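Just so you know, the sequences run in chain order B and W. For the first sequence, counting from 1, position 240 maps to 361 in the working numbering; every step adds exactly one. For the second sequence, counting from 1, position 301 maps to 469 in the working numbering; every step adds exactly one.
Honestly, the hints are just simulated from the structure, not real lab data. Computed from a predicted structure; not experimentally measured. Glycine included, C-beta positions come from ideal geometry on N, C-alpha and C.
Here are the in silico distance ranges between beta carbons for each label pair:
# : chain 1 : residue 1 : chain 2 : residue 2 : range
1 : W       : Pro531    : B       : Gln277    : 53 to 59 Å
2 : B       : His273    : W       : Val528    : 51 to 57 Å
3 : B       : Ser310    : W       : Thr184    : 32 to 38 Å
4 : W       : Ala440    : B       : Arg251    : 57 to 63 Å
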Amino acid sequence: MADPTVVPTTPAQPPLIEGRGLTRIYPMGDSEVAALRGIDFRIELGENVAIIGPSGSGKSTLLHILGLLDRPTSGQYLFAGVDTDTLDDDRLALLRNRAIGFIFQSFNLVSGESALENVAAPLVYAGVKRKERVERAEEALARVGLTDRAHHDPSQLSGGQRQRVAIARALVTRPAVILADEPTGNLDSRSSADVFTLLQELQSEGLTLVTITHDQRIADRAARVLRVEDGMLVDHDAPEPTYLDDGRRLPEPTTAPATPPSGAVVVPPESGLAALGLADGDVS
Amino acid sequence: MTYVEALRLALRRLRTNLLRTALTTLGVIIGVASLVALIGVGEGTQAAITNQIAGLGTNLLSVNAGAATVGGVRGAAGSASTLTIADAGAIGSLDGVEAVAPEMSVSNVVVVNGRSNTTTSMTGTTPAEAQVRNYQVQAGTFLTDLDVEKGLRVAVLGPTTVTSLNTTPTAIIGQTVTVNGIPFTVIGVTQPKGGSGFTNPDDAVFAPITAVQSRFTGASSLRTIGVSLADPAQLAYVESEITALLRYRHQLATSASDDFSMVSQDQLLSVASTTTATIRNFLIGIAAIALVVGGIGIANTMLVSVRERVREIGTRKAIGARRRDISRQFLVEAVIVTLGGAVVGVLIGVAITGPVGATVGVPATPTLFGIILAFCSALLVGVLAGWWPARQASRLDPVEALRHE
Ligand SMILES: Nc1ncnc2c1ncn2[C@@H]1O[C@H](COP(=O)(O)OP(=O)(O)OP(=O)(O)O)[C@@H](O)[C@H]1O
Ligand SMILES: [Mg+2]
Chain B
122 MADPTVVPTT
132 PAQPPLIEGR
142 GLTRIYPMGD
152 SEVAALRGID
162 FRIELGENVA
172 IIGPSGSGKS
182 TLLHILGLLD
192 RPTSGQYLFA
202 GVDTDTLDDD
212 RLALLRNRAI
222 GFIFQSFNLV
232 SGESALENVA
242 APLVYAGVKR
252 KERVERAEEA
262 LARVGLTDRA
272 HHDPSQLSGG
282 QRQRVAIARA
292 LVTRPAVILA
302 DEPTGNLDSR
312 SSADVFTLLQ
322 ELQSEGLTLV
332 TITHDQRIAD
342 RAARVLRVED
352 GMLVDHDAPE
362 PTYLDDGRRL
372 PEPTTAPATP
382 PSGAVVVPPE
392 SGLAALGLAD
402 GDVS
Chain W
169 MTYVEALRLA
179 LRRLRTNLLR
189 TALTTLGVII
199 GVASLVALIG
209 VGEGTQAAIT
219 NQIAGLGTNL
229 LSVNAGAATV
239 GGVRGAAGSA
249 STLTIADAGA
259 IGSLDGVEAV
269 APEMSVSNVV
279 VVNGRSNTTT
289 SMTGTTPAEA
299 QVRNYQVQAG
309 TFLTDLDVEK
319 GLRVAVLGPT
329 TVTSLNTTPT
339 AIIGQTVTVN
349 GIPFTVIGVT
359 QPKGGSGFTN
369 PDDAVFAPIT
379 AVQSRFTGAS
389 SLRTIGVSLA
399 DPAQLAYVES
409 EITALLRYRH
419 QLATSASDDF
429 SMVSQDQLLS
439 VASTTTATIR
449 NFLIGIAAIA
459 LVVGGIGIAN
469 TMLVSVRERV
479 REIGTRKAIG
489 ARRRDISRQF
499 LVEAVIVTLG
509 GAVVGVLIGV
519 AITGPVGATV
529 GVPATPTLFG
539 IILAFCSALL
549 VGVLAGWWPA
559 RQASRLDPVE
569 ALRHE
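So here's chain B without its partners, still in its complex pose:
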């Protein structure tokens, strides 16, 4: 007799991002540079994670691996439960296109193309028809408050506006995660605040957000802070009080509820990819 009050247990959904013993070693002539030296961690769907650490510690290297732009030298990287080592370059490109949005410190907009065209660019690679592309790009630009700048060239925009265009571009494919590498690093404090607020809003709407930052406010707002030092994670699982330059203590890591991003298909437990709105066949 089944007890109607007992909810059937579903197998745990795989974490969006899982790294096991990740290393990244760059050959430098005869010697080698170990940028990452064994990193283990998980990030669940909908989390808000900040990555901090001194310059040269390997943060960007890590983010590139998370974003499937680079492959670890050793270790295993699972994206939505899929071992990325089994995926060829085209499949990685497809995942970057559908499931990941990047935001860079230096914006990386294509000049000579309008803001709207920049925002629509990922949809070109996704094979979306032109009419729909324009609609969705306009929507994304509206979301970042730049409807009136749609036909400007990036060179005609301020730094903050450029970064908002870049955020719109990252949003337009409705990705599961946004990876940002010092998104406010090139901005004045006012523009930083705009970008910061925008990213926090998006996260609270269900997007997973991973941000490399030197910006204390971003680190403060993150539910979890990963500190990278010399290619390794420190105080990740055993949070000791971490004091920052200004003497304030970082909040203790919390595990955020795994809210699926709005619009995502309800998650069948066995497929992490389906949760991202991707059929398994698209990738494997």
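Given chain B's structure and the hints, the job is docking chain W with the ligands onto it.
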């Protein structure tokens, strides 16, 4: 990325870089324009020469005095009178021969009309000349049997000769001109056939062979006998007949070589068209080199462009471009630049074909063949020029590309 998207992207890119695009395509423009123009001129030359030869008379077989060239060594030419008026008469009675014109020629005669004079050559012949060599008169009449019979001092002039004498065909009819001081009455002017140089059939003086013989050469030796065939298919047969006849008439021993030679209009035509085809191919080759140089220019610009856009390439990869999306983008760009250059080049080529032909004295028109060939070569050049840079771009490592300054 579909080709349509790649095309859209390329056009946007080229629009923003208009000056560079224009300069890049210059090589292709020059190559394509010269290809179109030179093919037009080449075909024009071929047509002009073919027409000119055909205009000299159809079904024509020329029997020339002197031995044929054998192994590059020419036998004793006309040491005796190898061809005579009597030979011409005998050939005229052969099977398959329609008409025969004996030609006795005097070169470098000075023709004087009033105060004007010109130097040309004079041909003593018979009325059959008009049929054999395909002459029509535009004014007056050609030579008549009576003129020949009586050895009258009458002359038919070519239109170029008339012009050289500063008069017109109608005005000169009935006038008396002197040829090397001997007066001749002009009775006709021939229709122009077109041509130039020392084989110009329009620069000529025709007079009765009898008059030329008595006033100029004194002998009965001929330079040439023009033979018109009833049926061109019988050429070989008539040639062998004439050979046998002349050898018999000249009493040549079996071991002796011919003291005359024959050339048919067909042979002339094929020699000429082989020559002009060679010239044409040579011209096409030059234009092709120009096009290849243009292609190298495009390849170079594309490589520079890839280098300048490393970060863009990295960004595109980050947002989901696959290798083939990137390579397609650059390949399409190269092909568009090249084809754009080809369009301009074709327009320029079409415009300059006529003038270029005029400077070398050939009526030239652009040909469809030339235009199609130019387009196809440009397309090929574009694909080849874009291929390597596109491959370079697509193989960039995304992280390296994003890091690039
Ligand atoms: N292509 C490369 N070749 C060799 N070494 C590299 C390469 N890329 C990164 N490194 C090295 O790896 C280490 C980590 O670099 P990374 O860019 O990840 O640092 P980071 O934490 O992002 O620093 P910053 O805060 O200054 O951006 C550095 O020592 C760097 O010199
Ligand atoms: Mg970095």
